[in-house]
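These protein sequence lines are chains A and B, in that order.
Take the first sequence: its letter number 315 is residue 315 in our numbering, and every next letter is one higher.
Take the second sequence: its letter number 48 is residue 48 in our numbering, and every next letter is one higher.
I should point out that these hints are in silico values taken from the structure, not numbers from a laboratory.
Mixed in with the good hints, there may be bad ones.
To be verified - Once the Cα atoms are required to be at most 30 Å apart in a straight line, the calculated DSBU-like pairs of lysine-lysine come out as:
#1 B/Lys247 / B/Lys275
#2 B/Lys331 / A/Lys263
#3 B/Lys331 / A/Lys223
Small disclaimer: the values here were computed from a predicted structure and weren't measured.
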Amino acid sequence: MAELTFTPVIGIEIHIRLKSDSKLFCSCSTNTDAPANTNICPVCMGLPGTLPHLNHRIVEQGMLAGFALNCGIRHKSLFFRKSYFYPDLPKGHQVSQCDLPITTSGYIEVHDSEGKLKKIRVHHLHLEEDVGSLHHSASDGRLEGAATSYVDYNRSGTPLAEIVSEPDVSSAKEAVEYVMTLRRRVIYSGASDVELEKGMMRFDANVSMKCSDGRWGKKVEVKNMNSFKALEHAIEFEIKRQKKIMLQGGEVKQETRHWNDAKGITSSSRVKESYRKFIVEPDLPPLYISQEWIDRVASRMPEMPDVRANRYVNDWEIPQEVADVLTDDKNLADYFESCVSSGANPVRAAHWVRTEVLRVLNEKGQKIADFSIKPEVLAGLVKRVDEGKLSTTQGKEVFDYMCANNSGIDDSVKALGITEGGIAGNALNDIIASVIAANPDVLDEIKSGRDKKGKKLKFLQGLVMKETKGQAKPQEVAEAIAEAVK
Amino acid sequence: MELYELNLHILIEGLKAKKFSPAEIFQSCKKRIDQCEENIHAFITRTDDKPQSIENPNGLLAGIPTVLKDNLCTKGIRTTAASKILGNWKPPYNATAWEKLRSAGAVLMGKVNMDEFAMGNTCGNSAFGPTHNPNDISRVPGGSSGGSAAAVSAGYVPFSLGSDTGGSIRQPASFCGVYGFKPTYGMVSRYGLISYGSSLDQIGPFARTVQDLQLIMSIISGHDPMDSSSFRNKDHDFTHSEDVSIKGKRIAVVKEFRDFTLDAPISDAIKRTIKILEDEGAIITEVSLPVVAKYAVACYYALAMSEAHTNLERYDGVRLGYTVKDAAGIKEMFERVRSYGFGAEVKARIIAGTCLTEPSRCEEYYVAATKVRTLIAQEFSRAFGETDFILQPVTPSLPGKIGENDEDALKGYEADLYTLPVNLAGLPGLSFFTGYSGNLPVGLQLIGPRWSDVSMLDTGVILERHLGSPKIANGGVK
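If we strip away everything but chain A, and leave its shape as in the complex, we get (with noise of 0.2 Å):
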């Protein structure tokens, strides 16, 4: 009997929090690290009364998102009012665009198992407000059994993207792949900074499996997944789990399942998922959208990472490891261009921002717009460098300084003690007669012909070399000692 094998069939729901000062649906301010419920209204706390109004620019935001995914944008969509009951939702209903997003569909290019790229399809990305965040008293911080829960409403109402793929993922790894791929790119669309150790995106994964002798399992929903780790790790184990159950001849159950960190695994969520049902949102009127908008909104959006990425190995020839690497974080790759186009050659640039500028940003904990070093001076650096005025070694010396003293070259090039252009001609001359000169049995050995090996001309050769400190050329030192001691 054949092996069977197994297919995961992967959807994903992604959560991101779009870059916006006020929240979606009133002007409170979206920074959710301030003291507890301070940044709130009367809107955003749901008071009876009140009424939402929608926050025009962060519907550009939306589509700005909608872009990066290869989404087109409707003309016409709708909020929804999406119900459910818990603490940390003050109207007891999402307001949510559902059911006639703001966008139609799109995709995502990743690499599957055997490296081809593969389309992972976007149904859609829809404009929702957050809900609050509550803090449990419970040793598990959760709701069920602590003794006493606070809310803090700071973030109720912060404007997110909920993104909602196909099922086209079959494994873990194309899963993170995916939104890794989705987050740059949406980052460099500048509707989302998405830091992830701020909560700004959130997963879901809808995992079933298909069986190649035809049973193919229920759906369920893994939620709670916080990072790629996170992501990767629950698929992994969610794939694993039904797998087991199918080879054993059993039923995959159809439920919502809770990613544990801490234990990695998936459990049975203990809250019954409470079902939920949409009506138009009443007091909010259809979000129209018109093409001299979409047009203009379109015209704001930066070239995506891998056209920017694909440039760089086309136009400059610079390797494709390299390319990925400096486009992936849309700063780096503005450092870098910037450089460039202060006349630094690409390829020498891009070898510069890829080793020493990204070295030291991890050494210190940096981002690139903290670098001390300007583009402008660095490419300057890289210049006298591919001139030959610095070797590669003090160009880095160099470098390094600047770094630590944030001064500019020629005061570390000075502070240094470097000679630019090197040492040679008469500066060189002195120095050799004055190794010469301390040294006169040496010179003696040579001028008897006694040193056949050459031996005591290497001596001497290395003395000078390291007079110089490594600045004269070890071709031209070893010529001029040749000459002095004839």
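On the provided structure of chain A, position chain B as indicated by the hints.
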């Protein structure tokens, strides 16, 4: 003549001419309230214990007393929507309509009774007990804005505000013998009005003359950035003029309503009103509204209840109002708060709304109702191509005895047939006084196309000239 008996524009003129002071008006109205309130029970919360400071002494309404239906939020003043569930809640903000009145100098005498969350047409579904009709205290004042209508009728205040979701201004105005105006949806900001059916709710005024309605409309109408359904770029001039004419205007009756039974005083009033209109040069015609006649009531309740049950989801005891301290878990807390906090009628409508939108039935009921609503709006739109206004009853009968209809909720629902189509189509509607039948007032209704508010009130001025203005009701005082 006591000051409380004077109509709004007379009071404003008298104040301007310094014939009397705001303090004298306040005292007169307060005395009138003290005299009648035991019989009428219009208030939920009185704020007239001491003269209120006047926000704007130079405003158009400087020193004019008023009352608000208790579903309009008032900063720092208890607002209940006539429900236990709001407890002692004091809103941290003012409803836009009240803010505009306050900024014009109006003085709040209190918050008045209503059916709980505006659900009802008797003012008897209130956690604070029923309000009585000032014309006959054994009868209902109508609802849901019964307190607002009764207060103006009894002479507590010269004008008040209410809200109308399916007739809640027009029906009590008719029952109490005052004018009540339901503006076009979007004419007055709903911000700060505790929602019942958001796509149907509209705030409007009560007064004892049409001229006073015009005055209040000129203050409370207009765009509000806090209400996305309030309309921009619409300029409406509600300035009162006696020099108005309806010569050549077409006024229609509805064909399908002809065979419906009406109380004799109401059908008489229609005949008299038609005669007046004809004498004034109007052309009387007939329009057909078959979809409205057949489906409006079902469509209205499906939509109102669907919206209502989501509007009322926010009352969970977490942030405000009535709550329980000793619940074992959040589910029990929600259940206990909502079971105790809401009255029977509200619960019935929440349950109905939940069922109507439940995923397996949603298409059949809620979605179907939204489609019927579009048909109704189209039907009205067609009708208003053939006529300028429609004349029709407000209710088929005069106000009943308190407690009479409590057993038969459906009879109450159907009594709204003449008023609620107006809300489904977002139209303006004027409930006007036509005279008395014994001690009971008889009102009728004029409805028009969207944004015909100004010319509708102008027509009201002509009708009032011929039909006469209502008297102050005796308020149960012998």
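Here is how each hint holds up against the structure:
For a cut-off of 30 Å, the pair hint linking B/Lys247 to B/Lys275 stands: about 13 Å separates their Cα positions. Distance check on the hinted pair: B/Lys331 and A/Lys263 sit about 28 Å apart at the alpha-carbon level, within 30 Å; holds. Note on B/Lys331 and A/Lys223: the hinted pairing holds, with a Cα-Cα distance of about 21 Å set against a maximum of 30 Å.
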